[in-house]
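Asks: Sequence order for the protein chains is Z and Y.
Note that this note's numbering has the first sequence beginning at 53, numbered continuously upward.
Note that this note's numbering has the second sequence beginning at 177, numbered continuously upward.
Please keep in mind that the hints were generated in silico from the structure rather than gathered at the bench.
One or more hints might be untrue.
Per label pair, the in silico range of CB-to-CB distance [claimed, not checked]:
id	chain 1	residue 1	chain 2	residue 2	range
1	Y	305	Z	208	24 to 32 Å
2	Z	213	Y	493	32 to 40 Å
3	Z	348	Y	465	46 to 54 Å
Computed from a prediction, not measured in an experiment: that's the story for all the values here.
Heads up, the beta-carbon is just placed ideally off N, CA and C, and yes, glycines get one too.
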Amino acid sequence: MKLIQPNRRLFLGGAAALGASAMLSARARAQEAVNFQLSWLHSVQFGGSYIALDKGYWAEEDLAVTLLPGGPNAPVEPPVVAGTALVGISAADYTAAAVNQGAPFRIIGVAMQKNPFTIASLPENPVNEPADLVGKRIGMALANMPVLEALCSINGVDVGEIEVVPTQYDPAPLVQGQVDCLLCWLTDLPVAMEIQGLEPVTMLLADFGYAVHSQTYIATEDTLANRREDLVGLMRGEVRGWEDYLADTDAAAELTVEMFPDAGLDLETQKLQAARQVPLMFSDLTEDRGFGWFTDETVAANVETLELLGNPVSPDLWDLSILEEAHG
Amino acid sequence: MSSADGAMPGRRVRLAEPVVRAANVLVLIVLWEAGARLTAGSFVIAAPSAIVAHIAENAGLLWRALLATSSAAAQGFVWGNLAGIALALVAVLVPRSERVLSTLALLVFCLPLVATGPILRVLYGPGTGPQITLAALAVYYTTFLPVLVGLRAAPRDWLDLVRSYGHGRLTLLGLVRLPASLPYLTAGLQIAAPAAFLGAMVGEFTGAERGLGVLTVRALRALDLPATWSIAVIAAGVSMLAFWAVGAIGRRLDLAPPQILLAPPVDHRRHPLGVVAAPILALLVAVALWQVLMDLFALSPFFAKRPGDVLAFVLTGPAAAEHRAVLLSAMGETLAYAVPGYLAGLALGVGLTAALTLAPRLAAVTLPVSVALRSIPIIATAPVIIWALGRGATGTIAVVAVMIFFPTLVACLHGVMRTPRSVHDVFASYDAGPFRRLVDAQLPAMLPAFFASARMAIPAAILAVTTAEWLATGRGIGALMATTASTSNYGMLWSSIALIGLAALVAHGAVAAVERAVLVRTSAEQLAR
Chain Z
53 MKLIQPNRRL FLGGAAALGA SAMLSARARA QEAVNFQLSW LHSVQFGGSY IALDKGYWAE
113 EDLAVTLLPG GPNAPVEPPV VAGTALVGIS AADYTAAAVN QGAPFRIIGV AMQKNPFTIA
173 SLPENPVNEP ADLVGKRIGM ALANMPVLEA LCSINGVDVG EIEVVPTQYD PAPLVQGQVD
233 CLLCWLTDLP VAMEIQGLEP VTMLLADFGY AVHSQTYIAT EDTLANRRED LVGLMRGEVR
293 GWEDYLADTD AAAELTVEMF PDAGLDLETQ KLQAARQVPL MFSDLTEDRG FGWFTDETVA
353 ANVETLELLG NPVSPDLWDL SILEEAHG
Chain Y
177 MSSADGAMPG RRVRLAEPVV RAANVLVLIV LWEAGARLTA GSFVIAAPSA IVAHIAENAG
237 LLWRALLATS SAAAQGFVWG NLAGIALALV AVLVPRSERV LSTLALLVFC LPLVATGPIL
297 RVLYGPGTGP QITLAALAVY YTTFLPVLVG LRAAPRDWLD LVRSYGHGRL TLLGLVRLPA
357 SLPYLTAGLQ IAAPAAFLGA MVGEFTGAER GLGVLTVRAL RALDLPATWS IAVIAAGVSM
417 LAFWAVGAIG RRLDLAPPQI LLAPPVDHRR HPLGVVAAPI LALLVAVALW QVLMDLFALS
477 PFFAKRPGDV LAFVLTGPAA AEHRAVLLSA MGETLAYAVP GYLAGLALGV GLTAALTLAP
537 RLAAVTLPVS VALRSIPIIA TAPVIIWALG RGATGTIAVV AVMIFFPTLV ACLHGVMRTP
597 RSVHDVFASY DAGPFRRLVD AQLPAMLPAF FASARMAIPA AILAVTTAEW LATGRGIGAL
657 MATTASTSNY GMLWSSIALI GLAALVAHGA VAAVERAVLV RTSAEQLAR
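Hey, can you work out the whole structure from these sequences and the hints?
Replies: Written as structure tokens, this is what we have:
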């Protein structure tokens, strides 16, 4: 992806050649302020974005990007619909639900090719495959019930044989023995348990047919029609940032801790998390076509899983045009 | 009898009070440490030594977070209390407006974070706006109610005296009502202090860069027990400091001793139309405000549903019957926990008040624990309560009771102190015992404050039960609302809010009816208009 830099320069050169009026308008929009809504509190989960900000990749695109942290009561969809944020980090299932409720979203990039949902258990009583769930108590937020149902349906497991215990999103119920396993993200609770000296067993749902793009970039149809240049610039900065991230995840973790001294981040945890999310975000597909890419096949698999989740969507929800332009 | 005992009868060496207290605290800490070490494998309790070590290691981080949260809490405290006082003043100066005002105040107080969070974030953008607003929203109602009671707690003959000089309502307010309301204001502000801090912390859940709320979420997920407990200890410590500071200032300002508040009996047979008309009017105003404010701020109908959207969702729309069934069954499950928890919390508050009145020394232990329980975010305390009591009815009811007994306790304690001096003297001259005095003098004096707290506790119980449902039981309307954010089902969210508002109104009406029936005998001044 070394090509991006010269391409960008060529593009700017071309813009300059178009004449003074183009230059003037480019000057006039120098440092367009945009908000970028993250899906959670600051952590290395968004390491590539911090690199883009730190190294000035967005500044080169004439964008002054403000990263808005999320939180337990900060859904991503409202600020994107309201236009407070140009782009938000969502997930295909959340986006599909919002679209079915009338939100005019398009997915313009996919950061996590593999869904991070995982069933974590302890070695004495492990869950290695979906069939192991039978007769177990699983701790999870009830909001995620469709996820469990879809997994069971794909793998022919009777969901009624699993005892669901509503828990808060923390590892304590598993460690305390209130449940046998937890539905969580591969990159947070298992990492925390490992740092605490425990050795959790993890089963990635994506390895058992659960195909749902995660950490997806969403924008409204209106933004796609009227602010393409900003979207391309934002995604170009993301692509460059995440390529740097892949080259050195430890450096990404260090930058994260340094940029957000008030977030209470632990460097070792961040390094482990940064390494753990690499296989979810980078694949043969991204090596071939570039960060964030998706194909008709991966979209079709998503549409199928989303149908099982009760959120039927059309493949048109995914729009590759911004990425195509960003990868140039 | 040994010589040592007989040598100095009545002159046994009494340890100084501070020494006894220090010893008590020391014993508590040792027990805590032992308990933590015994249960270390289950990740529930952090040992005091681990907490101290964590605070020492992360002093800079915690200090910056504390500053961020306290600053938002302090601003919210000021705005919220000013709003509460202003509302109470309007209600007294324009008595006709009172029922509509108090109904609106109640409805706004019932708005859950899951609905207000995204809206405030969209309105304010990045920054501390939502935290300050949520801190203010957490306190205005618990100040409005006691101040309203206080403004009325003036002797009738004083009011008549000022009126007979031809002065109007404003003079009456300045000379008689405001001084009378000061002790009640103190109670309101004391309840507000921990609530504002909690409101600011919870406000950080809507997407903040820094603060103790941010650190709480991080610590819970990271299974970082010392961090979770350190934050809880700091939040509790700050709240206790604020609680005592407000109390100390209040005692200095409270110059007038409590008076006997004789008031002529009120005709409590009200026009049947009036009983229904006022709440209906308030409801209409609320619905109109709901529509107008959302339009005024041009909030997207995707997440800010209007009254018409809710009507379509539950009454006229295609799947309305299905939606109604989901809503009503969730509401039924919620009420099954909320009502017992509400009654248990009130009983606990009154019971503790009685105990503390009979044995004031207990206050040294009880009050700090009560303030602490109220100031630590429920997402940090609920897991401990649930670990101890389970995910069934007991755990949920306990969470509700814990959330509401504190405001009840504080309000009732202040109420007891309103027992007139001369009544105490009468009891003393007849050599009546403390129990007799409690039942016949102090509890009746407490009643107006008790009913104010019974009203305050309605929205508090709703907040607590919905939080417990979200975090622990996964049932009821709390779980329903929590799932709406991840599924963008904002029609269901706003319908739930409307239903909760209606339930709060009905509960409020019921409490008000009981209140009238009781106060007409004991404190008629509260009913005079």
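Asks: Next step is simple, just say for each hint if it's right about the structure.
Replies: Each hint, compared with the structure:
1. Y/305 <-> Z/208: 24 to 32 Å: Distance hint for residue 305 of chain Y, residue 208 of chain Z is violated at roughly 50 Å.
2. Z/213 <-> Y/493: 32 to 40 Å: holds, 36 Å
3. Z/348 <-> Y/465: 46 to 54 Å: Roughly 49 Å apart at Cβ, these two residues keep to the hinted range, so it holds.
In the structure shown, a violation is registered for the earlier hint numbered 1 alone.
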